[in-house]
Structure formats: structure tokens, C-alpha cells
Amino acid sequence: MITVIDYGRGNIFSIGQALKHLGAEYEICSDAARIADAECLILPGVGAFGDTMSELHQRKLVEPIRSRAQGGVPLLGICVGMQLLASEGEEFGKHQGLGLVPGQVNRLPAGDSLAKPVRVPNVGWRRVTFHPRGGDQTIISKGDAMVYFVHSFALDPDDPDDVLASIEINGQKVTAAVQRDNVVGYQFHPENSGEVGLDLIWQFLKTFRQIQ
Amino acid sequence: MGSPGELTRQYYQQGIDEIIFMDVVASLYGRNNILSVVEDAARDVFVPMTVGGGIRSIDDIVAVLRSGADKVAINTEAIKRPQFLRVASETFGGQCIVLSIEAKRRDGEGWEAFTDNGRERTGVDVLDWVREAEDLGVGEIQVTSVDQEGTRKGFDLELVKQVRDRVTVPVVACGGAGKPDHLSELFTATDVDAVGCASLFHYDICPIPELKKVLANGGQAVRL
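Line by line, the protein sequences are chains A and B.
Using this note's numbering, read the first sequence as starting at 40 and increasing by one per residue.
Using this note's numbering, read the second sequence as starting at -9 and increasing by one per residue.
In case anyone wonders, no lab produced these hints; they're calculated from the structure.
There's no promise every hint is true.
As the list claims (entries may be wrong) - When the alpha-carbon atoms are kept at most 30 Å apart in a straight line, the in silico BS3-like pairs for lysine-lysine are as follows:
hint : chain 1 : residue 1 : chain 2 : residue 2
1    : A       : LYS155    : B       : LYS169
2    : A       : LYS133    : A       : LYS99
3    : A       : LYS99     : A       : LYS59
4    : B       : LYS143    : B       : LYS94
5    : A       : LYS155    : B       : LYS151
6    : B       : LYS169    : B       : LYS143
7    : B       : LYS143    : A       : LYS155
8    : A       : LYS59     : A       : LYS245
9    : B       : LYS94     : B       : LYS151
10   : A       : LYS133    : A       : LYS212
11   : A       : LYS155    : B       : LYS70
12   : B       : LYS203    : B       : LYS151
13   : B       : LYS203    : B       : LYS143
14   : A       : LYS212    : A       : LYS245
15   : A       : LYS212    : B       : LYS203
Whenever a hint applies, use it, and build me the whole structure from the sequences.
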């Protein structure tokens, strides 16, 4: 059973549709006690770092999510849900994150001096490059993929080995996906990225044996 | 033509990048009947969906998002109550709130914003309005030329260019596409971020894969 965390800031409907389409069993849940018992967690997110983090605090979900993930339960953070995995974010002031992937959440590099800069927020379909890694609990990648982004910030992990995929924005490498053991983050919206996106959700579930 | 749900699924299969649902007469008749249409389409369509028409309150936005939309497009209510854009952007994040504009050329210079599918004048200047809306927090601007809409004679390039110059958020151009060349022209002449087409697909003038091929051959970055 996959538990999609509902804290009032996610497009949980679209994520639910994607899971249903893949034939996965899921529940949408905002109950701290149930999250503390979850077998697999998806943390969606739409909005700003500080605001979403305080929503999690208000609902007393920070500790259950953190302890579940530290206990080895697979966790997938999507968009701001991925950024919340970091230690700290700087959107509208400095805020503490979940601290599951050591690193900072920083504003995307501006490209003012470039002839055709990528505008921030970065909205639209972009090509990401997956970096192949070893280990049997690594999300398998297909190399490059076109996926849909909507963001102004991105997670910059302290450990470069945590970077699963990246995109190039205004001449700089920006993290598009992270994995640190059982904790995975997609900066893009897999639920809005067509068949490629569905496949990336499926690969997360498959890697951690949450789907047949 | 087929039901909106069937069409959406068909376009998704053909590789559409995004879907825009507009209930263009919703404000006129004060109805919100688009929810069931969105819900039906959202089941098997995994690209972003924007829904507009008759959005008047935060509750309306919640309902549309719960039906499977990822963004909402707002026109009439934003003109009536610009602060609605601020409240909506702060509640759902700017990325969720799209300002929809129906722009009609003035006799002299510039464009005036219209509502109700180009029927009602507002007296609002389009180029001032896009600036204000960006300050209010909208994450995207969708501009439709009332003059070109339905003509299949090409876009109002000057309008798109001027709007693009005034704001930094993504701009989507709508109204006037009648053949693939019109899109090539649009992307060459302007720095617009995306384009919305209806007739081109609804009347099967140019299937999506073919259109993308034309654009890719012309050097545009498209998802194939």
C-alpha cells in the first residue's frame, strides 16, 4: 500500500490517477499515526518551501515522515516534495527541511547575460540526463528523458553521489532527481510527463518492490 | 468532433504537451459544468491540464483542481477583482494560476481586454494588465487575439511580442492558427514560450505529430 501524503499543498488527484493507472494500491492520507505506519510514502508538493514545510509541521507530519524514511521505508518526494527532503531551503527566508538528503535548496541560476536564457520559474518540458549508478536499489534509468518542470528552486545535495539526474539551466547543472538509499526525489512532475513520467513512477515502485 | 474526454485522450496519445479546457460561455451563463468533463479526461491523460471558464472563487479553484486540473485560467473575475489573482496565487502558488486574456486591437494603438468570449469590453489596456497581473503573482499568461481567433489567418504577432516584452512569466499565444506555417512564423517572430491551437486539431487540419515535425525541422525545440 502506497501512502500519498495529503497536507493541502499537492496535486494529489493527478498523482492518484497515475498510481491507479499503474495498477498500484494507494491511499491519500493526512493522518500522522497512519503515516508513521506506512509501507511506502509519496510526498507531493506544489508551492513554496517555507509554506509547505509549515503545513507539514502544523499537521505534525514532519517526525512521522522523517522517522519512517530513516527506518528504511521508500519515500518519493515530487517537486517541492523533493526540495523538502533537503536540510535547508532559502525560498522566502531560510527554513529547515526534512534533512533526509543533506543539501541546500537554492534559486535557479539566472541567465540575464545569455542571448536566450531559460526564464525562472522554469516551466515546461525539458530534457533530463540520468546518471547511471550501481546497486540493486537504484532507480534504473533510460539515459535521457523529456519531462515536465515547474519550479524556481532546486536541491543541491552535499554529496554529488546523491544526484540521480540533472538538467542544464542557463549554463549550469541543476539537480532534476536525487536518490539517497530509500529516499528518492523528482524535481519534475512525473504525473504530468506522459508515458515517460509514468514509467519513472513505476521504476520507483518496482525498485522498492511496491508493485508487481 | 467527439466528446472533450475522447478528444483529450486522442491528443494525449498523439503526443500533445498540454491541454487547455475553456468553457468559454461559463461566465455568460454563470455555470460550472466543466468539472465532469475534466474528471473524465484526467483519468487517462498525464500531461498538464489547464481549466478555465467561470472561475470566481477559491472554492471554484479547489473544485477544479480536485477534478484533475493542474492549473486554472482566470479572465472575467480577475478583471472584476484583480486582488483575486493575489489571493489565488498565494493560496495555490503562482504556478497554478494562469491569467487568460482576450485581447482586441484598438482603433488607435494597443489592445483592450475583453471578457465573455470577446463580447464584453472592459476598458482595460492589455499591456498594463499583464504587468499588473504578474505583480499580483500569476505564473503564466495566456493571450488570445479576439481579432484572429477562428479566422485561421495566423497570430497577432505584434500582440504576442508586446505581451512577451512586458512580463517574465511564460506566455502562451492563442488565436489564429490555420496551418503549421503560422506556428513557425510565431516562434520565429516572437520569443513566446508556447502556443495553443484548437481548430488545427479539432478539424484535423494538421495532426499533432506532423505539426511537431514541421516545427522541429524548422529548428524549434519540441518534444517528439
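Inset, instruction - List in ascending order the numbers of the hints, as given earlier, that are violated by the structure. - result: 11
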